Amino acid sequence: MTTNKILIAEDNKLILETVVFKLQKEGYEVVKAVNGKECMEKLEGGSYDLLITDLFMPYISGHEIISSVRSEMKSDLPILVLSAAGAEETVLKAFELGADDYMIKPFSLGELSIRVRKLLASRK
Amino acid sequence: MMRLKSLVFCIAFTFSLLNSGDISAQIDTVLIPAAIHDTIQDTLGIGKSTKVKSDMQKVENPFYRVEIKEERTYDNVFSRIFLSNAQNVKSELIGLSRFFPKPLSGLFQNIVEKSFRFPIVFVFLALILALAGNVLLVIAILFITNMVMNFRAKRYRVVRDFFEKTLTDLMLQVTDKKETMRLLTKYDRKRHVNMLIDVMMDFQKSFRGDSDRQIMEIYERMNLSKISYNKTYSMSFYEQVKGLRELTNMNHHQATEMIMAKLNDQIDIVRTEAQICYPYANPESPFEFLSFLERPFSRWAQLNIYYLIKIHEMPVPSFDKWINSPNPNVVNFCILMIDLFQQQENSQHIINLLTDSNETTRNMAISTCGDLHLFDSKYVMKNNFQSETHRNQIEIIKAFNLIGDETDISFIATTIESESIALRLEAIRTLYNMGEGGRERLTSLNLFMNLALSPYISHIQDIRN
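Chain order of the listed sequences is W and G. Heads up, the first sequence is in the numbering used here, so the first residue is 1 and it goes up one at a time. Heads up, the second sequence is in the numbering used here, so the first residue is 1 and it goes up one at a time.
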């Protein structure tokens, strides 16, 4: 059974390390990116089964990443947005650009785990 | 040979004159060898000199004791620099000792006397060395301080990472509460405890659900809530703010009690923090604090409340509940919220506020009347126009830009004759935007009243404005 590979882009160190630890504990292979630029570099350099991204990050925002994945890379990679921005316009914009799911911080780790599982299952 | 000896004595004497200490220490009399006495007498203009009898019979060249009077003016540069100035400087410095307390006065005079004994070159050298030493000392202190701070920062990072890892293990059920508490209580210094509370707050801000309940339990069990509570009673305002923030973020039951106590605090920052914390601590009734506000309600707190409503999509209450508050800040905030959330049901309250005693309140009410298209307010605004302040008059004309019609053209036209350029401009803009009727009136005013409105009209027509 192949291990699902998840790329997570998050500039908040606490959230990044906690989520990475949680996902690794559940058996996923997790790759970290601490800003938008690093995320793009890792996306271009490897293949992943899921992308979890924040929206407001240094260098390149989450919106730009989503747009790039969908329009330039033409990838159907499942994208889960994890952001503190809960305003309707921000959420709608993320979905319009191509995000598959959206979680608002503060979030439950249990809920994140379930959503990740569902997104990976839907990809298969 | 005698000439050579005289020359040597001259040089020696000249060199001794460089020793300003000698001059100043023996300012009144100088012993000069007889061999050079005659040579230098004219050049230095030395005063009365008397031959000194030596005790040693075999002395070949007797000495002259020469008096050098202070009041004498010196004609040559050499004596001016080294004789007069040193003497004056020393006298002045010694004179300054009268400003010192008695025990220090003697010490000061001693220092002055001793310093004038040494060649001035040495004094300068000593000063240069002292300066260099000072600079080196500062560099050394900076270097040591930098090292200590780097060490502390590194240590801080290590401890913080440990706390984060321990709490993450608790959240993900790698360890249990007992083990977690045992690990965390190893660091019991004040700064570590404060750091732990900060880490817990970060967890509370980032995560929810079972995980944050566990962290809150640890917070209570370790008595960290007591530390936060005590901070709210600190003498320092920043500690009070920190305490309020900690109690609120950790959802502590005492948070509301402390917030209510600080809601009308004298210190602006503490009061603002309490106002911001209240909605977070009381999500069921987040705006009730408006009923208790007696002191100013800061703009920053207002912005935070608005942010809370927008971002967290809180249910927006009807702000008429507080529109009659005795606190003008609360009234103005309510007007702003009614405007932003388009609460048409509160329009009568807004119209009533057009006659409020507070100028800013009236200004905001006028603006809201325009934004909410409250046509019923036109009569009141027209009636009050002449008695209003200049700022509010402009606001009224702006409001008529949104709610005015052809029946208001005459009213607007009268303000065009105002001396105020700003008022005239707004009136012309309003008339222009009222359609054909307004523009016809502008044309007739321009032609028949000779008001030279063309520049104003051009300004309004320019799309950049």
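There could be a bad hint or two in this list.
Unchecked claim - In silico lysine-lysine, BS3-like type, Cα no more than 30 Å apart, as pairs:
hint : chain 1 : residue 1 : chain 2 : residue 2
1    : G       : Lys321    : W       : Lys5
2    : G       : Lys310    : G       : Lys321
3    : W       : Lys22     : W       : Lys118
4    : G       : Lys186    : W       : Lys25
Claimed, not checked - Label pairs and their computed distance ranges (CB to CB):
hint : chain 1 : residue 1 : chain 2 : residue 2 : range
5    : W       : Glu89     : G       : Lys178    : 41 to 51 Å
6    : G       : Tyr233    : W       : Ser47     : 52 to 62 Å
7    : W       : Lys37     : G       : Ala452    : 31 to 41 Å
8    : W       : Ala121    : G       : Ser291    : 31 to 41 Å
9    : G       : Tyr233    : W       : Glu44     : 35 to 45 Å
10   : G       : Val158    : W       : Ser113    : 43 to 53 Å
11   : W       : Glu29     : G       : Arg182    : 46 to 56 Å
Unchecked claim - Away from chain G, derived, C-beta distances all over 12 Å, residues of chain W:
hint : residue
12   : Lys13
13   : Val19
14   : Leu77
15   : Gly98
16   : Lys105
17   : Ser108
Simulated from the structure, these hints should not be mistaken for laboratory data. These numbers were taken from a predicted model, which means no experiment stands behind them. Cβ atoms here follow ideal geometry from the backbone N, Cα and C, with glycine treated the same way.
Taking the hints in turn, this is what the structure says about them:
no., hint, verdict
1, G:Lys321 <-> W:Lys5, "violated, 54 Å"
2, G:Lys310 <-> G:Lys321, "holds, 20 Å"
3, W:Lys22 <-> W:Lys118, "holds, 16 Å"
4, G:Lys186 <-> W:Lys25, "holds, 27 Å"
5, W:Glu89 <-> G:Lys178: 41 to 51 Å, "holds, 46 Å"
6, G:Tyr233 <-> W:Ser47: 52 to 62 Å, "holds, 58 Å"
7, W:Lys37 <-> G:Ala452: 31 to 41 Å, "violated, 59 Å"
8, W:Ala121 <-> G:Ser291: 31 to 41 Å, "violated, 51 Å"
9, G:Tyr233 <-> W:Glu44: 35 to 45 Å, "violated, 56 Å"
10, G:Val158 <-> W:Ser113: 43 to 53 Å, "violated, 30 Å"
11, W:Glu29 <-> G:Arg182: 46 to 56 Å, "violated, 33 Å"
12, Lys13, "violated, 8 Å"
13, Val19, "violated, 10 Å"
14, Leu77, "holds, 25 Å"
15, Gly98, "holds, 23 Å"
16, Lys105, "violated, 6 Å"
17, Ser108, "violated, 3 Å"
Against the hints set out earlier in the document, violations occur for numbers 1, 7, 8, 9, 10, 11, 12, 13, 16, 17.
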